[in-house]
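Engineer: Join the two chains, each given in its own frame, into one complex according to the hints.
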Amino acid sequence: MLVLLKSSLMIAVVAALLAVPFVPHLIYPVFVMKVMCFALFACAYNLLLGHTGIVSFGHAAFFGTAAYVTGYAMRDLGLPPEIGIAAGIICSAALGAAIGTLAIRRQGIYLAMITLALAQLVYFVFLQAEFTGAEDGMQEIPRGVLFGLINLRSDINLFYVVMAFIGAGLWLVYRIVNSPFGEVLRAIREHEPRARSLGYAIEKYKILAFALSAGLSGLAGSLKCIVFQLAALTDVHWHMSGEVILMTLLGGMSTVFGPAIGAILVSALHHYFDALGAWVTIVIGLIFILCVLVFRRGVVGQLHHMLQEQRPTALHAGRLDLKEGQHAQV
Amino acid sequence: MEIFGVPLQAFLGQIILGLVNGAFYAVLSLGLAIIFGLLRIVNFAHGAFFMTGAFVAFILGRHLNLGYWSSLLAVPVVVGLFGVLFERLFLRRIYGLDPIYGLLLTFGLVLVIEGGFRVAFGSSGHPFPTPPELRGVWDLGFMILPVYRAFVIGVAVVVCLATWFIIEKTRVGAYLRAATERPDLTRAFGINVPLLLTLTYGSGVGLAAFAGVLAAPIQHVYPSMGSDLVIIVFAIVVIGGLGSIMGSAVTGLGLGVIEGLTKVYYSQASATVVFLVMALVLLLRPAGLFGREET
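These protein sequence lines are chains C and S, in that order.
Letter by letter, the first sequence follows residues 844 to 1173 of the numbering used here.
Letter by letter, the second sequence follows residues 292 to 586 of the numbering used here.
Isolated chain S, as found in the complex (with noise of 0.2 Å):
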């Protein structure tokens, strides 16, 4: 069988990677999109911390001979715990001051951190293992399914509905969202709103080490893993707009899927056609499509 003249197993082949790209996509707008609402800083480092994620994950199996499912658990924490470091330390400086330099601040943290990794590894790949349990392929009779790669695009989808139900439906999120509306009168409520801002941004940066993490067994692990993926990322959330944080996942998972057909079709165009998209609807719709006017 084929469609517009590419076999099915090629097509649903190139559906499937583009859906784990946007599994990736999703989880990493999804924690630029949390910091953004209530830090107002758009985190340049998101990028840096996937990769430290991966990188992380890595020296611990090569050195502590954790496993991948040890590593899944620890790595976030260990580097969420990392970013609530530098929030306590550098990012609270500069609150009252305009987005621009939370920008620029944490575009400095990506050198450092970037060029930290490299100085210690090197620029080039370093190959990662996948899980055992993994490994394989599903037959499902018109395609073959990689099992790692069908587990990536779960995963993302439960820490998308994960997160949202967290944000939605818990007192926690309600905290969080009354801080995201109003910071000063929900601390005259008697919330800690400052703890707050420190752990949403530590939550965030665990999360996008957790996306490191699940990458590495896909991608080799080097240096700039990550700032390649957040310029596509940032592109992704000037599409969706910040403000939902369903709109950046299911905008993230649908240009993943783009991209993928793209590449079926017109393959040099591959690694423009977000960014063209992106062009596309700042022409068409501004505000981004789930996006609210901003300030």
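One chain only, chain C, in its complex shape (with noise of 0.2 Å):
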């Protein structure tokens, strides 16, 4: 039953998203876009916050990284896109794995402090280079034309293209949560200790994870710098950090895809209340507040919560509350 809805809910998904180059005057493509990478981006980031455990406040640093490593090659040597979104990609992974390895030798707390705090080296680095254009951002960026044969000027190229790799990215998510490689991700979340006693190696796991997440993260930034033909400060500013940690919260970070709804929550915002100026930012912190007090499912965790309660076997309710439990420790 369950099963049965959510493939159905996948096929009128990406359904309506074939349909939206088609319908402009209902939805605006480009924010659609915009949304789509942000949804990639939390999923991503879900991989360390969610499934490992691991409180990253640093990861504006992998997603800005990446749409400036993706600038660079497109614009100033001149490379075809797929090679600037390798580049982008190759470049987060790397940065994530090097921060990883840093940030692990503490924990909890400290971790995302560590993160955050080599997120905003990052960001004085970005600052200073001189490719960056400092305060005005990287501009410009052509679109250019994707394995020699998709000339992704074209918006509609553009949209299908980024809907493929997003959708890619988002599979790639979800194999690696339903791998035993993230099986053993959940157990590092549950017992640290038990898991090293098993003898894994915690550490490269971590760090692995870390990789990965910022690599995926990467592709999401890759991609947005390609649909604005931007990329500039705000993209790895720690305020963005925050917003995919809310993204993430929002949607429920013990589901695969909850994050995607808080990435469309959050982007739809920003999007329709735009000309509220710094009203936005209150009410973000303000969600931000009621999620951590009262709403630490996110939308997606309480549906499914709910959808769980309604089945009568004790057996389910009995290991659903076991897992509620351990999730509380997160």
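Treat the hints as calculated values from the structure; they're not laboratory data.
Chain S stretches covered by chain C per the calculated footprint, using a threshold of three residues with CB under 8 Å from any CB of chain C: (1) 374 to 386; (2) 395 to 403; (3) 517 to 531; (4) 560 to 569.
Ideal Cβ positions, reconstructed from N, Cα and C, are used throughout, including at glycine.
Structural biologist: Structure (structure tokens):
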């Protein structure tokens, strides 16, 4: 029943997305592309937060680095988009491995502070580096021709290409979560000493999780850079790191695709209330506070919880309680 | 006279600037350490309260004509009371949870406070006059020392010593230390620990606001002045470890000086040197300079 619901929902979403470029008067395709990028960013982030129990407060560094690297490769070196995106992903993943290696030397709250500080370091590097254009950002990045075949200057082509890349990224997130590797990550989240005692090299798994999460965040950043033809300091600013946490928390960090829902909600808030200026920041702050205080399961997590609760079997209810209890530790 | 090719005057000037910055780092990381010790909450909003302190002094000065000295006393109380309110209404609800929720909750508060001041005052800086008694400079012969900067460094040292004294040598401090080590047992002895938590948060926040008033005449007053600072303070806290009060104060001052020296010799790195030091400390001594291995 639940599986049927999920697959029909998935088909509906894909069908709706396929239709978007043909109804620009209903919904702005560029906005949808932006939302897709953030959906992947949030789901990639949740590989660490929800599935490994690591709170990174510096994911903007990965998102922004990929955007800058892709922009540099495509505008200043004149490389095609596929190389630009690949370079962005590789740099982000490498940066993720480096930051991860440093950060996992401490745990919990310290780890969050370390990632925040290292991301700020990355921010200053981009602020001072010559090719980034500092406060102006990197502008007029060409969209190029993908694989020498698909001209991305056409908005319709770009939309489907972005959709395909995001789809692949989300599929990869799903595969990682549901792989033996994902199981190990959850074991680390639930009980690190026990996972260690079972012989898993915890540090390697954590660093790999960091690199994967950063690389996928990088894919999102590279695509965002191509869509907007812009890489800017807002992409590496700590506000962005906070925002991706909010998306994840709001969507539900116990789920795989919940963060995507969070990304839709937060992006919509920015998009439709942009005229209110700093009020949006206040509202986002309030949502943050509310989520932490009373809505820690998030939208999808809550829905999931309610659907599962309706099932009568005691066995399931028991298992769920266990999950909930464990989850409160994250 | 020159030191490694830099005129002594410029060299000492940067050291003093570094000490001034370090003074703010010290007072802020002190407050963070006290709050974390007792409440197990990393107060992301510490920088926002610092900024609020500067803004409240600015508003009081402009609309009520309140002088600098009265502000220095009144503002920490006002902002501290706000902190008390926040603790009672919000923080209290998440004590049982993972400390990370405390970081996220106070991060939300940062967005609300910063957004609020941005709506009311815009993003740009507002000048704040130096009090007349502290204007001017002292000519020490080998260098020119602005009086206000010397005042800030002196006050910060006094504040750090006073905090250390209160925590280590007074009865209230003993309660505080007891509640940090064994909250349940301390409660069993009839000490009102929840009240202690509230007061601690309030004083920590008040301390941040106090630093904000001190900083107002040096920097302009603007909404993001606190959050830029708090990230550096986080790095300092990672370097020093949250375990020791004097440790965080010394680390703060020391890193201020290192930052000043970097400005002299390789100014491009002055914004990042604290983070680089943090990375180095993590590689060599993961628990931090004064830290105990955390659980």
